[in-house]
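Sequence order for the protein chains is A and B.
Per my numbering, residue 1 is the first one in the first sequence, and the count goes up by one each step.
Per my numbering, residue 1001 is the first one in the second sequence, and the count goes up by one each step.
In short, the hints are calculated from the structure, not lab data.
Ideal Cβ placement from N, Cα and C applies to all residues, glycine included.
Honestly, I wouldn't trust all of these hints.
[As the list claims (entries may be wrong)] Calculated from the model, a selection of chain B residues having no Cβ within reach of chain A, i.e. all distances over 10 Å:
id : residue
1  : Ile1016
2  : Ala1021
3  : Glu1051
4  : Leu1102
5  : Glu1109
6  : Glu1126
7  : Asp1166
8  : Lys1179
9  : Phe1192
10 : Ser1198
11 : Ala1199
12 : Asp1200
13 : Gly1201
14 : Lys1218
[Unchecked claim] Label pairs and their in silico Cβ distance ranges:
id : chain 1 : residue 1 : chain 2 : residue 2 : range
15 : B       : Thr1171   : A       : Leu15     : 43 to 51 Å
16 : A       : Ala16     : B       : Gly1100   : 20 to 28 Å
17 : A       : Ser12     : B       : Lys1004   : 16 to 24 Å
18 : A       : Glu19     : B       : Ala1199   : 50 to 58 Å
[Said to hold, decoys possible] Computed from the model, here is a short list of chain B residues facing chain A with C-beta under 7 Å:
id : residue
19 : Ile1003
20 : Asn1096
21 : Met1097
22 : Arg1152
Take a look at the letters that make up each chain.
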Amino acid sequence: MHEMAITESILSIVLAEAEKRDATRVKTVKIEVGELTNIVGDCVQFYFELMSKDTLASGAEVEIEEVPLQARCPSCGSVKKIENLDFLCECGGVMKIIAGKELAISAIEIE
Amino acid sequence: MEIKLQQNILAANDKIAVDLAKIFKDKGIYVINLMASPGAGKTSFILHTIEALKNKLSVAVIEGDIASKVDAEKVREHGVSTIQINTGGACHLDANMIRGALNFLNLDETDLIIIENVGNLVCPVEFDLGETVKVVILSVPEGDDKPLKYPRIFADSQVLIVNKMDLLDYTDFNVDGLKRTVNNLNPGINIFEISCKSADGIDNWISWLKDKTDKFLKLK
Ligand SMILES: Nc1nc2c(ncn2[C@@H]2O[C@H](COP(=O)(O)OP(=O)(O)OP(=O)(O)O)[C@@H](O)[C@H]2O)c(=O)[nH]1
Ligand SMILES: [Mg+2]
Ligand SMILES: [Zn+2]
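Can you build the whole structure from these sequences, using the hints too?
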């Protein structure tokens, strides 16, 4: 549900950047979405299409990169992808989250 | 031409939240962002907290609701300042809404603000409100698997309230299992088991909160 607010923010950041650079059109918007954010990529794409009508970003492709939940063990340093919230390390340590909370525009392509 | 941005999508909200956090700190106001599913017991929990503290602290409540104002009216009956924010369909409160609500409060005379966020386990946690603590309520009938489905809110909250403990015997809710999962996800989180119906366990929460707010008030 919060995809709508998120998409609004994305669009306003993208348009500000495009205008700053005197772009005539935004071709692509690349987004990083962490697994923990519970953002549904399809919704963002859908809202973006609606909201960007009659703007420089109309017709732009939204590419979503999903970043998996990953954690590192503070005792032995090993890193793994977390499944089923199992944060236990093979060495017995409890691992700390290092990725999966991302919500960022990584790049845009303009002409 | 490709332009690298690495721009946080919620930067605009975060910036307002940082301003709010500064206001709260300067004025010595302790702020609770209370999040949970619909019906988990947010309003009941707020009422217990008000009753326990209203003679000691000056409490205000901000009620976020998609449309109605029944919760705000319930809270107001308990004699504390209550501001209602109707989000007009939005599934969460954002920092800008809180900034607007503050115009209706006398901040110099407020010690504690409790914000009842919109009922759901997904959206509210993304939007910082400048709060001192995020508190999430999980009620027993919802099931102990909620952290597996909605980990973010359990990962980012400093307090977990397990409510409706009076219903435990009617379910297969595994309290120890829940605590294990949540502690792994978020080591150091404070967990309180309560019932808003029988009031069991509320005193533990209140003494924790009182301890925190006392420290804050000393800075005033
Ligand atoms: N048995 C039992 N019922 C409870 C408890 N706490 C709350 N309830 C009941 O659960 C229902 C919902 O409680 P509320 O406090 O309104 O919950 P809420 O989270 O504010 O609900 P919304 O604002 O509508 O999302 C009410 O009927 C309460 O009486 C509890 O500890 N045990
Ligand atoms: Mg309520
Ligand atoms: Zn290890």
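To see whether the hints hold, each was checked on the structure:
no.	hint	verdict
1	Ile1016	12 Å, holds
2	Ala1021	19 Å, holds
3	Glu1051	33 Å, holds
4	Leu1102	20 Å, holds
5	Glu1109	33 Å, holds
6	Glu1126	6 Å, violated
7	Asp1166	27 Å, holds
8	Lys1179	13 Å, holds
9	Phe1192	21 Å, holds
10	Ser1198	31 Å, holds
11	Ala1199	32 Å, holds
12	Asp1200	28 Å, holds
13	Gly1201	25 Å, holds
14	Lys1218	32 Å, holds
15	Thr1171(B) <-> Leu15(A): 43 to 51 Å	49 Å, holds
16	Ala16(A) <-> Gly1100(B): 20 to 28 Å	23 Å, holds
17	Ser12(A) <-> Lys1004(B): 16 to 24 Å	19 Å, holds
18	Glu19(A) <-> Ala1199(B): 50 to 58 Å	57 Å, holds
19	Ile1003	5 Å, holds
20	Asn1096	11 Å, violated
21	Met1097	11 Å, violated
22	Arg1152	4 Å, holds
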